[in-house]
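Peer 1: Here are the chains, one letter per residue:
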Amino acid sequence: MITLSKKLKQAKEGKPVEIAHSPDKRASIRDKLLVKEVQEMESNLPPTCKVTFDDPDKLHQFNITIAPDEGFWHGGTFDFDVDVPEDYNILPPRVQCNTRIWHPNIAENGDICLSLLRETSLDATGWSPTRTLKDVVWGLNALFYELCDFDDPLNLEAAEHWLRDKESFQEKVTSYIERYAKR
Amino acid sequence: MADTGGDNGPGKKAADKMFSLKKWNAVAMWSWDVECDTCAICRVQVMDACLRCQAENKQEDCVVVWGECNHSFHNCCMSLWVKQNNRCPLCQQEWVVQRIGK
Numbered sequence: 001m002i003t004l005s006k007k008l009k010q011a012k013e014g015k016p017v018e019i020a021h022s023p024d025k026r027a028s029i030r031d032k033l034l035v036k037e038v039q040e041m042e043s044n045l046p047p048t049c050k051v052t053f054d055d056p057d058k059l060h061q062f063n064i065t066i067a068p069d070e071g072f073w074h075g076g077t078f079d080f081d082v083d084v085p086e087d088y089n090i091l092p093p094r095v096q097c098n099t100r101i102w103h104p105n106i107a108e109n110g111d112i113c114l115s116l117l118r119e120t121s122l123d124a125t126g127w128s129p130t131r132t133l134k135d136v137v138w139g140l141n142a143l144f145y146e147l148c149d150f151d152d153p154l155n156l157e158a159a160e161h162w163l164r165d166k167e168s169f170q171e172k173v174t175s176y177i178e179r180y181a182k183r
Numbered sequence: 001m002a003d004t005g006g007d008n009g010p011g012k013k014a015a016d017k018m019f020s021l022k023k024w025n026a027v028a029m030w031s032w033d034v035e036c037d038t039c040a041i042c043r044v045q046v047m048d049a050c051l052r053c054q055a056e057n058k059q060e061d062c063v064v065v066w067g068e069c070n071h072s073f074h075n076c077c078m079s080l081w082v083k084q085n086n087r088c089p090l091c092q093q094e095w096v097v098q099r100i101g102k
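Chain order of the listed sequences is Y and H.
Residue numbering for the first sequence follows UniProt numbering, beginning at 1 and increasing consecutively.
Residue numbering for the second sequence follows UniProt numbering, beginning at 1 and increasing consecutively.
Read the hints as simulated data drawn from the structure, not as lab findings.
Every residue gets a Cβ at the ideal spot worked out from N, C-alpha and C, and that includes glycine.
Be aware that a few hints might be false.
Said to hold, decoys possible - Some chain Y residues close to chain H (C-beta under 7 Å, calculated; not the full set):
no.: 1; residue: Ile29
no.: 2; residue: Ala124
no.: 3; residue: Ser128
no.: 4; residue: Pro129
no.: 5; residue: Thr130
no.: 6; residue: Leu154
As the list claims (entries may be wrong) - Here are the simulated lysine to any residue pairs, SDA-like style, with alpha carbons at most 20 Å apart:
no.: 7; chain 1: Y; residue 1: Lys36; chain 2: Y; residue 2: Val51
no.: 8; chain 1: Y; residue 1: Lys36; chain 2: Y; residue 2: Asp54
no.: 9; chain 1: H; residue 1: Lys83; chain 2: Y; residue 2: Arg179
no.: 10; chain 1: Y; residue 1: Lys182; chain 2: H; residue 2: Lys83
no.: 11; chain 1: H; residue 1: Lys58; chain 2: H; residue 2: Asp48
no.: 12; chain 1: Y; residue 1: Lys58; chain 2: Y; residue 2: Glu70
no.: 13; chain 1: H; residue 1: Lys83; chain 2: Y; residue 2: Gly126
no.: 14; chain 1: Y; residue 1: Lys182; chain 2: H; residue 2: Arg43
no.: 15; chain 1: Y; residue 1: Lys32; chain 2: H; residue 2: Lys58
no.: 16; chain 1: Y; residue 1: Lys32; chain 2: H; residue 2: Gln45
no.: 17; chain 1: Y; residue 1: Lys50; chain 2: Y; residue 2: Val38
no.: 18; chain 1: Y; residue 1: Lys134; chain 2: Y; residue 2: Gly75
no.: 19; chain 1: H; residue 1: Lys83; chain 2: Y; residue 2: Glu40
no.: 20; chain 1: Y; residue 1: Lys50; chain 2: Y; residue 2: Thr65
no.: 21; chain 1: Y; residue 1: Lys36; chain 2: Y; residue 2: Pro56
no.: 22; chain 1: Y; residue 1: Lys32; chain 2: Y; residue 2: Lys166
no.: 23; chain 1: H; residue 1: Lys83; chain 2: Y; residue 2: Pro153
no.: 24; chain 1: H; residue 1: Lys83; chain 2: Y; residue 2: Leu117
no.: 25; chain 1: H; residue 1: Lys83; chain 2: Y; residue 2: Pro56
no.: 26; chain 1: Y; residue 1: Lys32; chain 2: Y; residue 2: Thr48
no.: 27; chain 1: Y; residue 1: Lys36; chain 2: H; residue 2: Gln45
no.: 28; chain 1: H; residue 1: Lys58; chain 2: Y; residue 2: Thr130
no.: 29; chain 1: Y; residue 1: Lys36; chain 2: H; residue 2: Lys58
no.: 30; chain 1: Y; residue 1: Lys166; chain 2: Y; residue 2: Pro153
no.: 31; chain 1: H; residue 1: Lys83; chain 2: Y; residue 2: Ala124
no.: 32; chain 1: Y; residue 1: Lys36; chain 2: H; residue 2: Lys83
no.: 33; chain 1: Y; residue 1: Lys32; chain 2: H; residue 2: Arg43
no.: 34; chain 1: Y; residue 1: Lys166; chain 2: Y; residue 2: Asp152
no.: 35; chain 1: Y; residue 1: Lys134; chain 2: Y; residue 2: Asp31
no.: 36; chain 1: Y; residue 1: Lys36; chain 2: H; residue 2: Thr38
Start from the sequences and build out the full structure, keeping to the hints where you can.
Peer 2: Okay, here's the thing in structure tokens:
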């Protein structure tokens, strides 16, 4: 039982009366936000997307596969790694594409050009803490549909290819899928 | 009613007064007079301490900030965000502080 006299004795002997929680063991703000966001993301996935966690204890690292059901990239399965930084949701998640792809907004080394993933942006389309993981998945998925943007390319060569010859662009996309994006 | 039928006197008066109010309970609803009552950054009610202050046991120091756009956030959440981008995360207007307090 805790009594006042014991407490006073402890205090006199210079023992800490109460041990404060050490900050590094406390669940981070990121992890608290992720508990809700992962749940929301998983119950609102586009039908073309799958999310897997390598380590169920690390909600900040997961994998998304997208298998578009129409369009240029139909027939391929594209693999993305998502890493949510410690300073989430002030900073956006970092996303890399692991599947080699011929796409105007995804570089062959896996870098992705998606406005909502941009850390700093002069207009209103960049990252904002009001966004959640659900928005990230839907945004990535949309790169294969309506957000695919040939006018603001990251892979300039791919965009010019499409502008020059749409049929040959589709052929190259399909050959990349055959080589790299089959499951 | 039938017994008052042919009587124009005090009986008629009694019939007019079929109900009398014996007890009346007024119920009022209230809510905070702000456009948004949840901090869009940490997703905790603005009138409660933000996630960070809750974790660090600084509930008392956690205050609310209102922008010129009338959107409200926890002051600590917002001060982290404006370092990144000086816009209101909800309406994307340039962030100008209107008021800080509880």
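Peer 1: Hints broken by the structure, by number, lowest first?
Peer 2: 6, 9, 10, 12, 14, 18, 19, 22, 23, 25, 26, 28, 29, 32
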